[in-house]
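Novice: Sequence lines, in order, name chains A and B. One point on numbering: in the numbering used here, the residue at position 239 of the first sequence is 273, and numbering is uninterrupted. One point on numbering: in the numbering used here, the residue at position 149 of the second sequence is 215, and numbering is uninterrupted.
Check the hints yourself; a few may be wrong.
Said to hold, decoys possible - So, partial list: chain B residues that the calculated Cβ filter (under 8 angstroms) puts toward chain A:
1. VAL83
2. LEU86
3. LEU87
4. ILE130
5. GLN134
6. TYR201
7. GLU205
8. ARG223
9. VAL228
10. PHE231
11. MET235
12. THR236
13. LEU240
14. TRP247
15. LEU515
Please keep in mind that the hints were generated in silico from the structure rather than gathered at the bench. C-beta: ideal position from N, C-alpha, C; glycine also.
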Amino acid sequence: MPGNYMPSAAELFRFSPELLLMAAGTLLMIFEAITSPKQKRGLPIFAFVALLAAIALAVAGASDPGPAFNRMLQVDGFATFFRVLVMAVGAVTILISTNYLKQAGHEGGEYYSLVLFSIVGQCLMATANELIMIFIGIEVSSIATYVLAGYLRDDKRNNEAALKYFLLGSFATAFLLYGVAWIYGTTGTTNLTEIRRVLLDPQNAPNSILIGVALGLVLVGLLFKVSAVPFQSWAPDVYQGAPAPVTAFMSVGPKAAAFAAFLRITMWAFEPVKSHWVPVLWVVAIATMVVGNFAALRQSNVKRLLAYSSIAHAGYVLVALTAASKTGTEAAMFYMASYAAMNLGAFAVITHVARKGETRVDIDDFSGLGNRQPVTAAIFAVFLMSLIGVPLTGGFFAKFYVFKAALDSNLIALTIIGLLNSAVAAFYYLRLVVIMYMQPAPEGVDTLPEPSLGIRTALIVCSVATVVLGVFPSLVLDIASRGASFIR
Amino acid sequence: MTLLELVLFIPAAGFLVALLLPKDNPKLVRNFALAVSLIVFLLSLGLIGAVQADPRHMQFERSIQWMQSPAIRYHIGVDGLSLWLVLLSTLLTPLCILVSWNSIQKNVKLFYAFMLLLLAGVVGVFVALDLFLFYVFWEISLVPMYFLIGIWGHDKRIYAAVKFFLYTMTGSMLMLAAIIWLYVKSGSFDIPFILDSLAKGRLTLGASEGLWLFLAFFLAFAIKVPLFPLHTWLPDAHGEAPTAGSVMLASVMLKLGTYGIVRICLPLFPDAAKASANWIVILALIGIVYGALVAMVQPNMKRLVAYSSVSHLGFVVLGIFCFNHFGMDGAVYQMLNHGVSTGALFILVGFLYERRHSLEIADYGGVATVAPWLTTIFVITSLASIGLPLLGNFVGEFLVLQGAAVANLPWAIFAALGVILSSVYMLWLIQRTFYGETPTKVKSLFTDLSPREWVIITPLIALMLWMGVGSGTFLPAVRSSNDQTLNLVLKTTYARRMAPPATLVGRAVRPDLKESADAR
Numbered sequence: 035m036p037g038n039y040m041p042s043a044a045e046l047f048r049f050s051p052e053l054l055l056m057a058a059g060t061l062l063m064i065f066e067a068i069t070s071p072k073q074k075r076g077l078p079i080f081a082f083v084a085l086l087a088a089i090a091l092a093v094a095g096a097s098d099p100g101p102a103f104n105r106m107l108q109v110d111g112f113a114t115f116f117r118v119l120v121m122a123v124g125a126v127t128i129l130i131s132t133n134y135l136k137q138a139g140h141e142g143g144e145y146y147s148l149v150l151f152s153i154v155g156q157c158l159m160a161t162a163n164e165l166i167m168i169f170i171g172i173e174v175s176s177i178a179t180y181v182l183a184g185y186l187r188d189d190k191r192n193n194e195a196a197l198k199y200f201l202l203g204s205f206a207t208a209f210l211l212y213g214v215a216w217i218y219g220t221t222g223t224t225n226l227t228e229i230r231r232v233l234l235d236p237q238n239a240p241n242s243i244l245i246g247v248a249l250g251l252v253l254v255g256l257l258f259k260v261s262a263v264p265f266q267s268w269a270p271d272v273y274q275g276a277p278a279p280v281t282a283f284m285s286v287g288p289k290a291a292a293f294a295a296f297l298r299i300t301m302w303a304f305e306p307v308k309s310h311w312v313p314v315l316w317v318v319a320i321a322t323m324v325v326g327n328f329a330a331l332r333q334s335n336v337k338r339l340l341a342y343s344s345i346a347h348a349g350y351v352l353v354a355l356t357a358a359s360k361t362g363t364e365a366a367m368f369y370m371a372s373y374a375a376m377n378l379g380a381f382a383v384i385t386h387v388a389r390k391g392e393t394r395v396d397i398d399d400f401s402g403l404g405n406r407q408p409v410t411a412a413i414f415a416v417f418l419m420s421l422i423g424v425p426l427t428g429g430f431f432a433k434f435y436v437f438k439a440a441l442d443s444n445l446i447a448l449t450i451i452g453l454l455n456s457a458v459a460a461f462y463y464l465r466l467v468v469i470m471y472m473q474p475a476p477e478g479v480d481t482l483p484e485p486s487l488g489i490r491t492a493l494i495v496c497s498v499a500t501v502v503l504g505v506f507p508s509l510v511l512d513i514a515s516r517g518a519s520f521i522r
Numbered sequence: 067m068t069l070l071e072l073v074l075f076i077p078a079a080g081f082l083v084a085l086l087l088p089k090d091n092p093k094l095v096r097n098f099a100l101a102v103s104l105i106v107f108l109l110s111l112g113l114i115g116a117v118q119a120d121p122r123h124m125q126f127e128r129s130i131q132w133m134q135s136p137a138i139r140y141h142i143g144v145d146g147l148s149l150w151l152v153l154l155s156t157l158l159t160p161l162c163i164l165v166s167w168n169s170i171q172k173n174v175k176l177f178y179a180f181m182l183l184l185l186a187g188v189v190g191v192f193v194a195l196d197l198f199l200f201y202v203f204w205e206i207s208l209v210p211m212y213f214l215i216g217i218w219g220h221d222k223r224i225y226a227a228v229k230f231f232l233y234t235m236t237g238s239m240l241m242l243a244a245i246i247w248l249y250v251k252s253g254s255f256d257i258p259f260i261l262d263s264l265a266k267g268r269l270t271l272g273a274s275e276g277l278w279l280f281l282a283f284f285l286a287f288a289i290k291v292p293l294f295p296l297h298t299w300l301p302d303a304h305g306e307a308p309t310a311g312s313v314m315l316a317s318v319m320l321k322l323g324t325y326g327i328v329r330i331c332l333p334l335f336p337d338a339a340k341a342s343a344n345w346i347v348i349l350a351l352i353g354i355v356y357g358a359l360v361a362m363v364q365p366n367m368k369r370l371v372a373y374s375s376v377s378h379l380g381f382v383v384l385g386i387f388c389f390n391h392f393g394m395d396g397a398v399y400q401m402l403n404h405g406v407s408t409g410a411l412f413i414l415v416g417f418l419y420e421r422r423h424s425l426e427i428a429d430y431g432g433v434a435t436v437a438p439w440l441t442t443i444f445v446i447t448s449l450a451s452i453g454l455p456l457l458g459n460f461v462g463e464f465l466v467l468q469g470a471a472v473a474n475l476p477w478a479i480f481a482a483l484g485v486i487l488s489s490v491y492m493l494w495l496i497q498r499t500f501y502g503e504t505p506t507k508v509k510s511l512f513t514d515l516s517p518r519e520w521v522i523i524t525p526l527i528a529l530m531l532w533m534g535v536g537s538g539t540f541l542p543a544v545r546s547s548n549d550q551t552l553n554l555v556l557k558t559t560y561a562r563r564m565a566p567p568a569t570l571v572g573r574a575v576r577p578d579l580k581e582s583a584d585a586r
């Protein structure tokens, strides 16, 4: 990069959502120091508005797609899709968090600024067209998330979660970085488009074993981030230990961004060497679905249960990746969108029921919810039905598109194993429905307060999104389908 | 909006409205649900005329694109095959609502809301002409039934509800895989379009491909039917469900399976269906005898009736896979008869339960002395279930046995065992429950049929008689639809090899059909 490089206005505009979020995050830290406790109530609103503005900028930026910063970033439909998704996830996270933090007595601007920074990192992962940028994005996102996981610093579980996440996460990113170095060594570039060009060039194609090893190292890092088997063991502990709203965020945002980077690396840069990674992903997808679903069967802690379920869902997305086609990419994108809606919604309910100190996260704490709070229970049931994949919910079409893509690519065994897995999954989601509706609340259970405004809003947003995705999936699928063809 | 759409969507709208009704006014909810279901029933009567006038073609057809990619169509219609099944569903729903009038006291609003959703779901399955739509309704009908069993059922309700859901879910997952595969191959979910593609050779399925697809669909349907050995969910689900749940499950939901076989499996995969016919028939025959034998030793009335369903539905499957007119007509007719008679049996068992609060046969005895009318009605219904002439089931079973005899005589002989056994377990049940000594508890608790109960049971008894002596009302429409299915199936080699010799076929096929066969 030349020393006197100055980004053009168009490039800055393409990068403007991230710039806005960085500025807002920094301002939040300043506000945190100078505002009175009463004024601090405004901080989440500020962060929320910043996110909405950034979404607007990202949508506006979609009209002028193109590269930015020496082709380090590639702002295309694909990037826009994931950027809007992670920013929306951030906005819902803020809605879920405010009341939780108030109950925990830890309201603070830094929480929201960490959320914003993490989202900046995730946006970078979605936009990056360069392995180094992907690495930076992962680090920015992860470091903020490590801190968020241990946000309630007096809580032992939070500390454990943060430490575990940090140690294992750094280890995994080290693999990724090592892989990047190998790739640079074998292809002479870290730019994804350049890598693709080198791989396609029959004259000086690099040694295929070296490429395989390099790609394998990168995949280790990415599979860790999406909590795929065999790199999933951190997820249940971290999801269980972290504050519930943070778990909600972690289970969706960083995962979506990691899949974005995953897709760009596999379906764009390393698409020419498909035969290297497709069999690996085939095995990983099956293992991830099976381990996630079968382990979830035995959980009695709801957060842990959903942690395993989110492992299983990563497995379904990996099925779409294994299809290694444009329809597969679309399906993965659609899956992440509906997964975001239903999973965030489910965690919002858990946050609501768990209350102060998260003392009520056992599956039995949900008993009789159908009578105690019919509306909350009904909405939770919608999320659970969607996670099962019952028609007219987003989760159904998500699975449908994934398995259609798989069958398109003739992956019959994978499809059947995947679909049978979803029948297994039905069992543990139904357990929650059973407890809510078919078991009476225990005697002397304390009354559950009505959900806070933030949670209510989040529940409405997520349930509407879940149902709309289930009845009019083409609204989102069309966008995904336009985004799925990467700009050359 | 066509009449059919009203029948489909009024219950769905009723479901949403019922959810919004106030929680503390169960009377309002009950009246609302009853009114909605009665309106739907009356509207559905309007379907009869048009379908009977032309049962070979889909009536009240409606086909609109739902989404472009994948190309899912909202395509519905009703013909001679689905007409009576739709009517069965719309008739039984108001009766079930009346049955639950006093017995459901918990979560009343949700119960009736789910009854209406269930109606929408099952009617949707019967009228959907798009595989995707079919699947959507198939799954939707599963959800309310799961809740009906799980919330309002007996002691082991949760186990039964989850088992029911998981069994059906496993089957439907394989069906979904097959549906997607067909879509990938044909570019459409539309059943008439796929049939047309197959007929015109635009779409060809390899022999093993067709077999696998057939098996995927068939497994989903066989679980629902349920075909031996996939029946184990059924006694639990029936035994634990509330009366209304058992009735809807037995009378309507089991038919979703047999209907699916006739509507989807046979026309789409005729070769595979014929290739698999032998072992399917063997399973059906085992089911007939096994279901009857197990029913005989059940100490619990509901489970007894549940196992009798396994046996009766075995007849239906047997009839379908005879691939001749007798068998097929008998099978479809038997679906309706079983719906009426077994529905009535579950309702009557429900009446007994409301009085004595027990399902154990041993807790009863001598009921005839304290409740003679209830006894009379129960005996009539049991005789219908056994297959006594003049009552509906006789016609269905006779046709099935005739079809089996024409196709392969030993099948008929074996199946006839089931008829004999059915009289054993039913008559023994009657003897132990209604005759003999009257325990004091029965004496003190029993009253005869109340006016509400008369209202519920009279239409069903009338139907049993009507279907027994006036099968001409129902069968012609069924026949015409079956002709088309059989035409699709019998075109191929198996028909000539396995079906009866030409002379027999000549007698079996009615003139109108013969012409079309000659024309080919």
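Novice: Hint by hint, work out which the structure violates, then give me just those numbers in ascending order.
Specialist: Going through the list in order, the structure violates hints 1, 2, 3, 4 and 15 and respects the others.
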